[in-house]
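Line by line, the protein sequences are chains A and B.
My numbering applies: residue 1 is where the first sequence begins, and numbers increase by one.
My numbering applies: residue 1 is where the second sequence begins, and numbers increase by one.
Calculated directly from the structure, the hints in this document are not laboratory data.
Please read these numbers as outputs of a predicted model, since none were measured by experiment.
Just so you know, not all the hints are guaranteed correct.
SDA-like cross-link-like pairs, simulated, lysine to any residue; straight-line CA separation at most 20 Å [unchecked claim]:
{"no.": "1", "chain 1": "A", "residue 1": "Lys76", "chain 2": "B", "residue 2": "Gly35"}
{"no.": "2", "chain 1": "A", "residue 1": "Lys75", "chain 2": "B", "residue 2": "Ala15"}
{"no.": "3", "chain 1": "A", "residue 1": "Lys74", "chain 2": "B", "residue 2": "Asp19"}
{"no.": "4", "chain 1": "A", "residue 1": "Lys75", "chain 2": "B", "residue 2": "Asn37"}
{"no.": "5", "chain 1": "B", "residue 1": "Lys51", "chain 2": "A", "residue 2": "Arg83"}
{"no.": "6", "chain 1": "A", "residue 1": "Lys41", "chain 2": "A", "residue 2": "Leu207"}
{"no.": "7", "chain 1": "A", "residue 1": "Lys239", "chain 2": "A", "residue 2": "Pro319"}
{"no.": "8", "chain 1": "A", "residue 1": "Lys75", "chain 2": "B", "residue 2": "Asp21"}
{"no.": "9", "chain 1": "A", "residue 1": "Lys75", "chain 2": "B", "residue 2": "Gly35"}
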Amino acid sequence: MRDQKSNRSVLITGMGSLNSVSENVEGFRDALYNGRCGITKSSEENGQISFGAFIKELDFRGHIDRLDVSDELKKKAVSLGRRAPEGIKYSILTSLEAWAQAGMEEREIDNTRIGIILAGSNLSLNEQLRIASDFADQPEFISPSYAFRFMDTYHIGVISELLSVKGFGFSLGSASASGNSAIIQGYNLIKYGGCDVCLVLGAAADLSCIEKHAFANLGALGGKDASIPAGSVYRPFDKNHDGFIYGQGAGCIVLEASDTVEKADALAELAGGSIVLDGNHGPECDPDGEARAMRAAIETAGIEGEEIDYINAHGTGSPLGDESEVRAIREVFGRHAADIRINSTKSIIGHCLFSAGVCECISTVIQMRGGFVHPNINLNAPIDQGLDFVMGKSSEQRIMYALSNSFGFGGFNTSIVLKALEG
Amino acid sequence: MDKDQIKSILFANIADIMDMDESEINVQESLRDLGANSVDRMEIIVETMRKIGVKINMLEFANIKNIQEMVDFLYERSEK
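Just chain A, same shape as in the assembly (with noise of 0.2 Å):
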């Protein structure tokens, strides 16, 4: 019975979101459409000077407090979030902030019914290098719960027991393709009839000082030249691009089955999406697999590429990444790319790697709810003309179909297809 269910259309019917500008979605959606930037400049404990996106410290109960859930809820995520490690305290936050949104407290749904999907890999290597020179000092007093909390499926084991999921759950890597791998996986597992509710976790990526300088020594990182303001080092698609800038965010979507919720209570529709591998073990990108990514993700979402009317792209600032993806996009599009709203979030908050396909989802979901394109901040002189970035500030913009790629480390290429709600 369950595999006839391929004719459900997927929805989005929650969000939850933590980054560098903004608590939750409706700050998010403030600071996309001012074009506020996250970037700060921090001196690293070496003296390196680097530049990233990070979320600011946090009071918690506070946080907590201030969301729309049942006082038992807040007491609950309270007494599991209390003395977690801050990436598991941003899970639950954007968690409860989407659960809220999609109005699960009120509604009689079978939670064997409920998945959890965990977007990306390796998600506590700050934390694990931190015990790392306390184990050297005195083993014998490493905190007994690591044995549990160093796995990435913790966040899982947290906000399923917070929310009372009793259904499927697991961890999803694939780079900084994870969160639209994630994505895809919840959508195929709702349109098949694995379950009816999937919640989507993009947990924030927490890196230590040494994933930060191999990416510097392989020279991915941005802002070489740090007399630059912090605001306008990152410049995806800007001639004077130089490498990503890494981002801390968050993110939780909720995706239901079109037969369990009503339309009119979805914020938009996932039409489709598509993972394809390059075939190739490192950091190059190419362009064939992702225009093949975007292909197959448009055939998914059974339409066709002229109606493609916004590209959330990838656009991690990289100069061969940026140039990859112009090509990819006019090899798949033609002469309808010249007339496809196009913009980087990652300009706006960074490269939140692991979580970067979730909480841009969130990002061009406002963007299409809102009629609005948010600017691509710092890019000044576009890589190509012909392409119609958005540029110095947000502008009006209906969206009907929005496309959003991620491709990751490791030969990844993902895209995935939104369609608004009509009315």
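Given chain A, put chain B in place with the hints provided.
Then chain B, alone, in the frame of chain A:
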């Protein structure tokens, strides 16, 4: 470290890990009576040993009946 200092470290850890007020802790009760599950109990003991600077095999805590006995035991095994 004297016994009062050890007691105060243990109480602070119990209060932090169990999210309770120190005034709610009764030394005649066990950690289990206070609602601590096995992970909470291990966390409380390891964190207290770390702060006191004493290393004791966890198995040796198996026969401790209440919080007072734990304070006495930690004091006995700590460096005076």
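Would you pick out the hints that fail for this structure and give their numbers low to high? Every hint satisfied by this model.
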